[in-house]
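Protein chains in written order, with my numbering: chain A, 42 to 541; chain B, 126 to 443; chain C, 981 to 1178.
Below, in silico cross-link-like pairs of lysine to aspartate or glutamate (DMTMM-like), each with a Cα-Cα straight-line distance of 20 Å or less:
id, chain 1, residue 1, chain 2, residue 2
1, A, K372, A, D122
2, A, K367, A, D122
3, B, K267, B, E397
4, B, K130, A, D404
5, A, K413, B, E143
6, B, K147, A, E461
7, B, K147, A, D404
8, B, K238, C, E1128
9, A, K413, B, E164
10, B, K238, C, E1106
11, A, K367, A, D123
12, A, K413, B, D151
13, B, K155, B, D364
14, B, K130, A, E45
15, B, K421, B, D410
16, B, K399, B, D410
No lab work stands behind these hints: they were computed from the structure.
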Amino acid sequence: MSYELIAILMFSGMMLMLMTGQRVFGAIGFIGAAAGMALWGVGGSDIPFAAAMKLMKWYPMLTLPMFIFMGYVLSESKIADDLYKMFHVWMGGIKGGLAIGTIGLMVLVSAMNGLSVAGMAIGATIALPELLRRGYDKVLVTGVVQAGSSLGILVPPSVVLVLYAMIARQPVGQLWLAGVLPGLMMATMFIIYIYLRARIQPHLGPAMKPEDLAEFEQISDHPLRLNFIVLGALILLPLLAMTGLSDAKTTAGIALAAAVGSFALRHNPMFYKDVFMKEKHRLLFSGVLPLAIFAAMMVPFVNGWTSLVESSAIGAMTAFVAAVLKGRMNKEVFETSVRSTLGISCMFMWIILAALGFGAIFDGLGAVNAIKDLFTSQLGLSPWMILILMQVSFLLMGTFLDDTAMLVIVAPLYVPLVGELGFDLIWYGVLYTITTQIAYMTPPFGYNLFLMRAMAPPEISLRDIYISIIPFALIMVSALALVMVFPQIATWLPGYVYGK
Amino acid sequence: QSTIKWRMQTYAGASLGEHVIKPAIDMFNKIAGDRMQIELFYADQLVPTGELFRAMQRGTIDAVQSDDDSMASPTEVTVFGGYFPFGSRYSLDVPVLFNQYGLNEIWDEEYSKVGVKHISAGAWDPCHFATKDPIRSLADLKGKRVFTFPTAGRFLSQFGVVPVTLPWEDIEVAVQTGELDGIAWSGITEDYTVGWADVTNYFLTNNISGAWAGSFFANQDRWNELPEDMQTLFRACCDQSHYYRQWWYWGGEASLRVNGPKMELTSIPDEEWKTVEDAAVKFWDEIAAESPTKAKVVEIFKKYNADMQAAGRPYRYG
Amino acid sequence: MPRVITGYIRGVDAMNRFIGRIAMYLIFVLVGVLLWSSISKTFFYPSIWTLETAQFVMVAYYILGGPYSIQMGSNVRMDLFYGGWSTKTKAWIDAFTVLFLMFYLGVLLYGAVGSTAYSIGYFGVEPFSFFWDLFLTLFTDGVSGVQEKLGYLERSPTAWRPYLWPVKTLLCIGVILMLLQSLAELFRDIGRLRGVDL
Ligand SMILES: NC(=[NH2+])NCCC[C@H](N)C(=O)O
Ligand code: NA
Ligand code: NA
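Could you build all of it, start to finish, from the sequences and the hints given here?
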């Protein structure tokens, strides 16, 4: 049988199996196993199990349950509640402000877990109902939550980037840093879009009136001034330490100064114009928690004090302890986080297990040669055309194939090619991640779609969900294009931090 | 008659395989043409290295290039594959030991017992430390998590080294993610070739072995099924591979020490390093005590080194 | 539905739920091992066993937790068409396609058993009869008889050198549990087709 035929058979077989709606890992595993039995010759039946041993040795997989656990602790224990309030209180007064605040919330949540699940859950359970109640347009806000939560895999820590790192054999630390600016850029693009949209069609995102805000047991119609400095300092702190621009001592000093400063501010009426400012400051401190969790994990990692997997355990523990200290870790929260972590981890691990087996069989049968051939010689394309074609093929495959499976099966074929074409594999990791994010939320198949459908309040229909992502998907495609044209957006930060 | 197809997997990643095996396989395929084609796969590509032996024994993979140690062969000679501490000083020692001092026969016997054909052994590079922080004394070894071979790791742990074994392709990243402080797996040629020189800063010129011993193996049945001329051709290509490595590493080691820009050289003084060499003598005896076959191999190593010593320069200096 | 079948479903569900609920707490073991790894390395002397131990725990976590995750419905499906089908149609198709899943698990198990046999020194091609033989020996000659039949015990090629048969046995057990659970799912689907919710 020719390589082309094998490639076509295996792929179309997999597609067909997936269409039946059987569990993704079963569908992929079956095609791999069947091809191994039928075409390999002696011992083909051993490959699916060999994949289990390979998976065991993939040590970065240990971070998977950790980052997932962090996310669940965060969303279940509602330690994000205050955060959410903070954004509402601070931003509510602007047209579209609540939606903008939700994006901000998502950025912080993304910094505390490795997937988009937590962001989704927090967005759908805390932010969505509130936004709807405030008269925000349901299509707009559905899109906001989906787009915002997808930042989870671009802003470090990121499970998808860990997986990519393993397959492309690139350093996770650099990949994570490479995701930071594109992630923030994308968040900014979302915000700009929301802002403009709300300006043009104010009914989509009405500004909250002071009376509304008072419901939050506080408030002022004065946008803050000085206080942004505090907030800014808090956000910059971990970054400072991480990028090595400041050492541990200085960072601690700045933190202390910021803390004392804000303490002074909240107690000195000279510094705030109204009584509600006090509440604003109080809430501002809720932003410290996620940053502390993020820093507890990232600072030791980036400085090389702890390894990747160790850092992930520190992150998981910090999140857990934070929830306990905040008095939010009750029996139910504990149970749900632990159980859901198992469920999601199992889903991932079984898909990867099946996909690794599929991939090795695909490779051993020579089908990889067919794909390489197609891209390099048969189509006769320029490197950029090949690159774009690959992204398009990811998007197309993403309509039916699970993105983890896609990564495990397809990336091993693409990544060496991309390297040979002279592209930077760190940069490509970011391109891959953004593409995956788009695939995550575009119908018919995508985790975010599943989750959104499962979590959305009843008044949001499937149609709403599908329509809602259109503008955001377009923004993400433009972000993708921007990162393609200006690779520095991704490569500058890791180059800066690790370049010294 | 249809083309015979073999799958072969090497312990090496693609960047190293480019030198240590690919030229030989390309040559084989070119000469064998329609009669036989070998498809080469790199580290962990089809099966993880830990499963490599069984996969070959079972016929999932037809042939393998590896050392006995890292693929964990279930034989008595496994500890001697890879880097047996201070077993050899120069890369020429390895083929001499196998071809003239009787290791070939022992290996052949041991592998026949487990359904695997040992085709031939050859030498690679010496075993040096490449680390993030400098090693200038034995004390600097303490607490360093180092990627190394199972047997070398067992030996080195008495000096406070913490041996770590990970998939070969993950090493560069593991140094960057902090899983490893260094690598004691190769000479400087490989450090540069596979990218390890980019993630470490120092190269220790003292080595714990002058040459790595690795082999070509095949599934016994697959081997027996080959027409005789294909067997001969395969052997010839293996020898070509051994030959290529012989000069590629030897020249590379010297050239990169002198001209390589990426790693700073450090040394542990000879008197201090003597502790390690002496420890190796003890280690050899420990190994010899484990079984008669091992005792026999250790005996050969001892005899060989004594002969070399007696032969004087250029075989041994001092 | 026949009593045996309903009993089977209930039994397997309960067992896998029980095992899965124990497995889910392994996350804390994992955290503990990894924290110890960072503590020991920062303050004392790096441990040689932590990474591999963590890997073994991770295997136990997802392999033993797998059947429970099926019960919880955590395993995604591509629901382009599936999502729109009626319960009955779903049951029809599932009852059929779960056989493919079971085929995959069967192949996985076959490999696992072979590899486990290898890990205790059996190099032949009939691992099942080897285990059967071991099983019989256990009755005729007891544990010492079994020990005599074992060959070269496979160890992990690391400096710690743990034996590999425990983790491989664990993998066998996990895959068997998955198979049992899949069969329960099949019965459940057949039940649905007959209008019984099990
Ligand atoms: N997995 C192995 N056996 N690796 C052997 C490595 C020895 C030699 N320095 C090399 O890397 O080529
Ligand atoms: Na994240
Ligand atoms: Na999609």
